[in-house]
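Asks: For the record, the sequence lines run as chains U and R.
Per my numbering, the first sequence runs over residues 1 to 431.
Per my numbering, the second sequence runs over residues 1 to 249.
Bear in mind the hints are in silico, worked out from the structure with no lab data behind them.
The reader is advised that the hints may include incorrect statements.
[Claimed, not checked] If you anchor each label on the Cβ, the simulated ranges turn out as follows: (1) Gln55/R - Glu409/U: 46 to 52 Å; (2) Ser127/R - Glu409/U: 34 to 40 Å; (3) Leu235/R - Gly368/U: 54 to 60 Å; (4) Asp362/U - Gly146/R: 31 to 37 Å; (5) Ser422/U - Gly146/R: 21 to 27 Å; (6) Val145/R - Pro389/U: 48 to 54 Å; (7) Gly368/U - Thr57/R: 41 to 47 Å; (8) Arg407/U - Val226/R: 52 to 58 Å.
Since the structure is predicted, the reported quantities are computational estimates derived from the model, not experimental observations.
For glycine and all other residues, C-beta sits at the position ideal for the given N, C-alpha and C.
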Amino acid sequence: MLAEAKPYVEAFAATRATNEPAWLGRRRDAAIKRFGELGFPTRRQESWRFNDLRPLTRNVFAPARDGATAEPAALDPWKLKVPSHRVVLVNGGFSGKLSAIGALPKGVWLASTARTLADRPELLEPALRETDMAGAQPFAALNAALFADGFVLALEPGVTLGNPVEIIHLEQGVQQSFHLRNLIRLGAGSRATLVETYAGSGANWINAVGVIDLAQGAALTHVTVQDESREAIHLGQNRIELAAKSRYESFVLTLGGRLSRHDSLVKLDGEGAHGVLDGAYLLRGEQEATNATFVEHVAPGGTSREYFKGVAQDRAHGVFLGTIAVRPNAQKTDAHMLNKNLLLSRRAAIDTKPELDILADDVKCSHGATVGDLDEAALFYLESRGIPPDEARRMLVEAFAVEAVERVENPDLRAHLAAHLSRWLAGGDGK
Amino acid sequence: MLDIENLYACIPDGREILKGVTLSVKAGEVHALMGPNGSGKSTLAGILSGKPGYQVTAGTVNYEGRDLLAMPADERAREGVFLAFQYPVEIPGVNNTYFLRAALNARRKQQGKPDLDAGQFLKLVRSKLKLLEIGEDLLQRGVNVGFSGGEKKRNEVFQMAILEPRLAILDETDSGLDIDALQTVAKGINALRDRSRAVVMITHYQRLLNFVVPDRVHVLSGGRIVKSGDKSLALELEKSGYAAYGDAA
């Protein structure tokens with residue numbers, strides 16, 4: 001076994017739950033074995049070559065299972081300003097005190113993963129797949145072995161959930177790891193809006209895995225806000241499967257974390273599926289953040305759009321990795337990916353790597369990436385009207401980032417994201 | 001108000017464009033600065049507004065008793081210097097209203113006045129939109145984004161009307177305007193004229209001067225002011241052209 005994996009394998013053995021379904025126990029055993037074989041990724045692996053994982057590997061983050069409590073006021077900066085169904089987790093565990101799920105329409109299941117496991121294990125079973133046990137992703141394997149909680153949202157066919165579902169995860173304290181397993185399952189023709197927020201003051205490691213299944217004609221709008229403390233480590237990956245004519249539209253806003261990475265793996269499995277992966281990352285200090293997307297067009301007639309904008313200042317490091325893979329059967333695919341970056345200091349860095357891998361001949365695909373500085377002419381124009389240089393720069397950075405946010409269709413979510421951006425730009429994040 | 005004394009300056013590629021400009025503008029006056037292409041008119045406007053890239057090699061510029069060249073561009077603006085750009089810059093994502101309010105409040109702060117609240121600001125903006133015959137939809141758009149050439153010029157004069165500068169420098173604000181737009185822009189400039197302010201209009205043509213009658217007219221050629229006179233000088237130039245002053249174009 002690889003040395004850095006050992007503490008986690010040992011922690012697994014020490015804390016292994018005995019009251020779980022037998023199938024889950026077997027999968028956890030297989031998963032921890034796989035993690036022991038894989039260990040942590042290294043720069044020799046292409047997908048990880050831009051990442052400096054030392055903040056993660058230098059320490060051991062003890063897996064936590066019990067959650068914690070927080071004051072209700074701690075939610076204030078993160079809550080949506082509109083009515084929602086709210087699930088709150090603190091240090092990896094569900095908080096009944098802070099959650100406000102409210103009345104749910106018939107055909108909607110929204111609960112913590114632990115509760116779902118107790119009451120509706122059959123719902124969760126598909127969220128733990130072979131890939132966790134046999135795949136090449138060590139953090140998914142570790143997550144499968146160690147996860148204690150998370151959230152599950154399941155809609156029966158034809159159900160529309162009017163108010164957004166809001167998941168807030170707060171973390172506090174130091175050197176713990178929280179392995180969250182989330183499941184979103186939308187039945188045929190159902191619709192939902194989901195906002196996930198990860199925030200807190202601690203120096204912990206969050207390892208989240210989301211499994212998202214959209215049946216035929218289902219539609220999910222999915223916003224993720226990651227604004228952890230600048231000592232925290234956040235690794236999140238979502239695996240998304242889209243059936244025919246389903247629509248998945250996501251926006252990932254990355255503002256926090258010392259080291260963070262968000263992977264979206266989207267499989268357009270049914271004909272005419274539509275996937276949108278948009279996002280923005282604004283980084284300062286010593287932050288490193290990666291957004292990685294893998295969009296796999298399997299069925300014909302699928303459309304996908306990706307638009308990520310990045311800002312790096314001070315000594316921050318932003319990474320965008322994007323792959324569009326078009327399989328031989330996926331004719332009439334229409335797939336586009338664009339990544340634009342602002343590099344605001346000489347010691348900041350951006351790595352961007354958009355790729356196409358096309359095996360069908362009748363497709364429309366494009367990709368592009370830019371890295372630039374602020375427009376000097378625009379800067380002078382603002383200054384020539386009396387606006388001080390610092391404020392002029394802030395206005396232009398905001399304009400750059402807001403342009404990505406403006407692609408979000410829901411006006412409440414757009415305003416929510418824009419407010420987070422403004423707060424970051426004002427530097428009022430208390431970090 | 002403005003005293004330019006024997007000013008020499010180079011553009012970024014090192015070429016010397018201004019070769020001893022001397023010009024004095026008093027409060028209450030409107031000056032027209034005319035001259036052939038390449039004579040240094042826009043360079044002078046750029047230097048007065050603090051545009052980066054120019055290098056002043058000799059001479060002084062005094063603005064209301066202060067060394068203008070020692071002040072950064074944003075400070076000049078807050079102290080009442082305004083440049084209407086020959087080519088206004090498009091800034092996508094920066095909302096016009098937000099931009100204007102930030103600019104106005106920065107200037108008011110310098111003057112020791114409190115910020116205008118949203119209601120007061122909107123009232124002011126509406127009155128100036130009306131003066132310049134601009135639709136209110138402009139306020140919701142990005143700065144200069146999607147504007148026609150004429151709209152951009154009108155927007156410059158609109159900003160000037162809001163900011164009420166002490167010294168306005170208009171760099172070819174009349175070029176590319178049809179006669180109706182020209183009259184509207186002239187109305188905006190005339191509305192600003194009073195005993196405490198000064199205007200320097202850079203132009204190729206006499207046309208604008210029919211509507212904004214200058215107190216003084218200067219011909220800039222080869223980087224120096226080669227002739228000064230009253231408004232009749234502009235009429236004379238319209239007839240004879242710049243040939244007598246060494247057209248560099």
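Asks: Taking the hints in turn, state whether each one holds.
Replies: So, going through the hints one by one against the coordinates:
no.: 1; hint: Gln55/R - Glu409/U: 46 to 52 Å; verdict: holds (50 Å)
no.: 2; hint: Ser127/R - Glu409/U: 34 to 40 Å; verdict: holds (36 Å)
no.: 3; hint: Leu235/R - Gly368/U: 54 to 60 Å; verdict: holds (55 Å)
no.: 4; hint: Asp362/U - Gly146/R: 31 to 37 Å; verdict: holds (36 Å)
no.: 5; hint: Ser422/U - Gly146/R: 21 to 27 Å; verdict: holds (24 Å)
no.: 6; hint: Val145/R - Pro389/U: 48 to 54 Å; verdict: violated (22 Å)
no.: 7; hint: Gly368/U - Thr57/R: 41 to 47 Å; verdict: holds (44 Å)
no.: 8; hint: Arg407/U - Val226/R: 52 to 58 Å; verdict: holds (56 Å)
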